[in-house]
Amino acid sequence: MRTEDHRPVDAQSHRPENPAADTPGTPVTDTSENPATGAPEGTAVRGGGHPWAGFLLRRLGGLLAVLVTLVVVTFLIVQLIPGDPARALAGPDATPQQIEQLRHEIGLDRPLPEQFASYAGGLLGGDLGVSFQTREPVADVIAARLPFTAELALLAVVVALAVAVPLGMAVAVATRGGRRPRLDAAFTFVTGLGGAAPEYVLGTLLVLVFAIGLGVLPASGAATLSALVLPVTAIALPGACVLARVVRREAAVVLEQDYMRTARGRRLPAPALYARHALPNLLTGTLTLGGLTLSALLGGTVIVESVFAWPGMGTRVVEAILARDYPVIQGTVLVLGLLAALINMIVDVLLGLLDPRTLAGRSHA
Amino acid sequence: MIRWTAGLKAGLAGLAAVALVGLAAPYLFGEAAQQLSGAAREGVSAGHWLGTDALGRDVLARTLVATRLTLLMTAAATAIAGVLGILIGTTVWVAGPRVRETGLRLIDVMVSYPAVILALVVAAILGAGPVAAVLAIGVAWSPAFARLTASLAASVAGRDFVATARLLGVPPYRVLTRHLLPNIAEPLLVLLSVAFAGTLTALSGLSFLGLGVQPPAYDWGALLDTGLEAIYTNPAEAVGPAVAITLTGVLAGFVGDGLAAGSDPRAGRGRDGWSPSAPVPGRRAPDGALLVVDGLSVELPGGVRLVDGVSFHVMPGEIVGVVGESGSGKSLTAMAVARLLPDGVRATAAGLRLGDLDLTGRAEPARLATEIGVVYQDPSASFNPALRMGGQLTEVLRRHRGVGRAEARERAVKALEAVRILQPETVVRRHPHELSGGMRQRAMIASAVLPGPRLLIADEPTTALDVTVQAEVLELLKEINTAEGTAMMFISHDIGVVGTLCDRVLVMYAGRIVEELPVADLRVGRAAHPYTRALLAATPRLDEDEERGPLTTVPGRPPAPSARPGGCAFAPRCPVALPICATDPPAPVPTGEGRSAACHAVGVPS
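Sequence order for the protein chains is A and B. Take the first sequence: its position 2, counted from the start at 1, is 0 in my numbering, and no numbers get skipped. Take the second sequence: its position 538, counted from the start at 1, is 637 in my numbering, and no numbers get skipped.
Some clues are possibly wrong.
Unchecked claim - If you anchor each label on the Cβ, the simulated ranges turn out as follows: (1) B:T190 / A:G89: 37 to 43 Å; (2) B:S136 / A:Q95: 46 to 52 Å; (3) B:E578 / A:V347: 15 to 21 Å; (4) A:A51 / B:V193: 22 to 28 Å; (5) B:T201 / A:A51: 22 to 28 Å; (6) A:G89 / B:G268: 23 to 29 Å; (7) A:V347 / B:A115: 45 to 51 Å; (8) B:Q133 / A:A141: 45 to 51 Å; (9) B:R461 / A:L351: 48 to 54 Å; (10) B:A153 / A:Q95: 36 to 42 Å; (11) B:G137 / A:I344: 53 to 59 Å; (12) A:G89 / B:V193: 41 to 47 Å.
No lab work stands behind these hints, which were simulated from the structure alone. These numbers come from a predicted model, not from an experiment. Backbone N, C-alpha and C define an ideal beta-carbon position, used for all residues, glycine too.
The following block holds chain A by itself, in its conformation from the complex (with noise of 0.2 Å):
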């Protein structure tokens, strides 16, 4: 699926979405004004209780919660199945017996508050259930199966950002107050181009020239640390470009700032200006606007798994849906749901490192 996914164009067309959120640089104008100047003015000092505590204590009651969307989730993806369920789960050739004997077996004949105990009481044991199809506990399926996609979907995360950021910047300063058209108009159309392309189509490509073409890297499997190259570019790509569209767009915001015309005052050498004055801030928006297309990665990781014969959670995921092996659907989805939460909070603790007013506004879990 696309990096972009769900997010509503870019910067722009998002902006006026959200007004209540800090675009990064935009005067605060909210906090403490103190006109009774006769009052010690060091009281305006906020103190009180510690702004990560609260904040920490809001994300863990938001994945608290996520959990628990998960868990009732996965347990309703048995019971809607249209029909009669134990009809479908077992099989076209099957005798009323058997699915008379197929309903007790996975509880489907109990009541559902009792059913919905019962699997959320296992999942709190560690027990995912038993697959179907090869009668391995889920939990050892996916104990197998996630390192491989957390490898995949972090790096790309890593290589994304890498990429996004610099070239974004680069572009932003090159091009600021209308300069360099033509570069504009390369940058526009390159990740206009890379965004647009699917990760499994990029990675069917770059088997295409790399492996089979060139011959210089492995198309499949993940025996050697050059077989992460190619579905980590597959990956990446499509969302760094994206990303650094909003990187840019971002920058060019930023350094029209008064704070980077104070930066300016104070002749620091580019280096210190950009990475110690503007980065910060562009980050910050960056991370707010960029951070579902990071989650968003994790999309793109299960469908290009495929492509590489990647043995990870993905290639799973479809080979039980294939087989209606719900068992190990439920546990994949749900701890596919919890990595996208966990990259959507680790996004809000660097948000929150790079810029404490984020602490105290609310976020998507």
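Model the placement of chain B on the given structure of chain A, informed by the hints.
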């Protein structure tokens, strides 16, 4: 408003062409796409431009024929996402505040999850197949629409006309259809084109995984899947669908970008910078002057002059006020002196120096940073929100004076103390947003004074502050001037404020200095230029409300920089204008000791 950019046109034309292919291809190539031949998985040839598949069917024909099913499914999924999302979004918004709060949070959470995972859930429930895939992707994309709708509704609903409609008792659904939807249509259109591209790749992705279209039917995703299987025997087989998916996605992206860029006028281009080769030198500055500005002009790239041949000087220890309306060029003059003009604005001068430091050439950064201190207009915007106060205050000392961390910190604390900020040790560890506006401006003054500058430029330092804090800041500047002997350029639009603080005043109008006079003359109203006199006649008291501004009673408006008259720029508003004023710009003439005015009517009895 929709602007018909090349990208938008190309995108729409391209999509129309793709749609045409989808319409026609099944009739034209339907047979070729089904025709089996003995030549399975053959490479590219004249008969088969993209080779053949495992059953010997022509890949190009199959790719073209698959366009229809792919587009239909994409359109269906986009429609489901749009309708469902807009319904959810508006329902959440129209429902009571409690439902709204919870609903918005839920939508937020859903949007932050990859659509693939949501689609997998739906596919798992309904089983693999095209209908399940369309539903899955439609549902997975709906939160994006719901969120956009809800937040747009929130921003529109706050506006007056909606409030009025509500007060008049218009039922909620009428408010929705009559007032809300028309106002949020355009961003939704943008999202629609983005969603089209998104659902296309997502649907193709599901088919690619084998969860979407099932054989013998095929769409681009399914073709890519079989192409990948055959990648070693006929690499071209994967290329057809890969190009088709990407191209259509790019075209939809063009449309989205084009619609979104509707209002994004780019600023003029050009380079900022200095060229010392410059026009008419002005009058000679007295010996011993600290700052000498001679014939300074500031231009936009198009050649429009914002500041036009300004000459003045500042003596050591002197506070020179520069006063004028917005757009008179006073701030640009100050920023030109500080060498902090915005990008694209260009300055020229016959001479510009601070003591022995030539400000027109490649001045050494360390000297610029330490010898000129700047207090900016808006203290809340002029500190970096991401950095702690201490780091920002000590930056110049550490970078340009080589002062160590601990010592710089100590000096910053002392400087904060000197501007009467309590608990300075705490303040240096704070971020700017944790301070009040008045504290921020005092900290800004401390920051400007810390390196011991020879000249302090204060660019409307009190404009953003409320009246009582203003008085304190002025007092503080006066104190610094008295104690340290720091010379200052004080920019203000408020002639009253200038009168209380400065030694000498420059009055600017339409990019020129029209009068220069000692503050004592200003106080007693002894001005020569009709503009200064008009200003004084309208002079507010120090405690007058900033919002109203003192200048509203001067009839007329200053001319735009691009439309300044050939003669005296003030002539159209001038009560004593002479015929010559319309044709010849007046030059400054001395009107007494340390005074001058640029006016033809000076000395002429009125």
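We went through each hint and held it up to the structure:
no., hint, verdict
1, B:T190 / A:G89: 37 to 43 Å, "holds (39 Å)"
2, B:S136 / A:Q95: 46 to 52 Å, "holds (49 Å)"
3, B:E578 / A:V347: 15 to 21 Å, "violated (44 Å)"
4, A:A51 / B:V193: 22 to 28 Å, "violated (37 Å)"
5, B:T201 / A:A51: 22 to 28 Å, "holds (25 Å)"
6, A:G89 / B:G268: 23 to 29 Å, "violated (59 Å)"
7, A:V347 / B:A115: 45 to 51 Å, "holds (46 Å)"
8, B:Q133 / A:A141: 45 to 51 Å, "holds (46 Å)"
9, B:R461 / A:L351: 48 to 54 Å, "violated (38 Å)"
10, B:A153 / A:Q95: 36 to 42 Å, "holds (41 Å)"
11, B:G137 / A:I344: 53 to 59 Å, "holds (56 Å)"
12, A:G89 / B:V193: 41 to 47 Å, "holds (45 Å)"
Of the hints listed earlier, those the structure fails to meet are numbers 3, 4, 6 and 9, in rising order.
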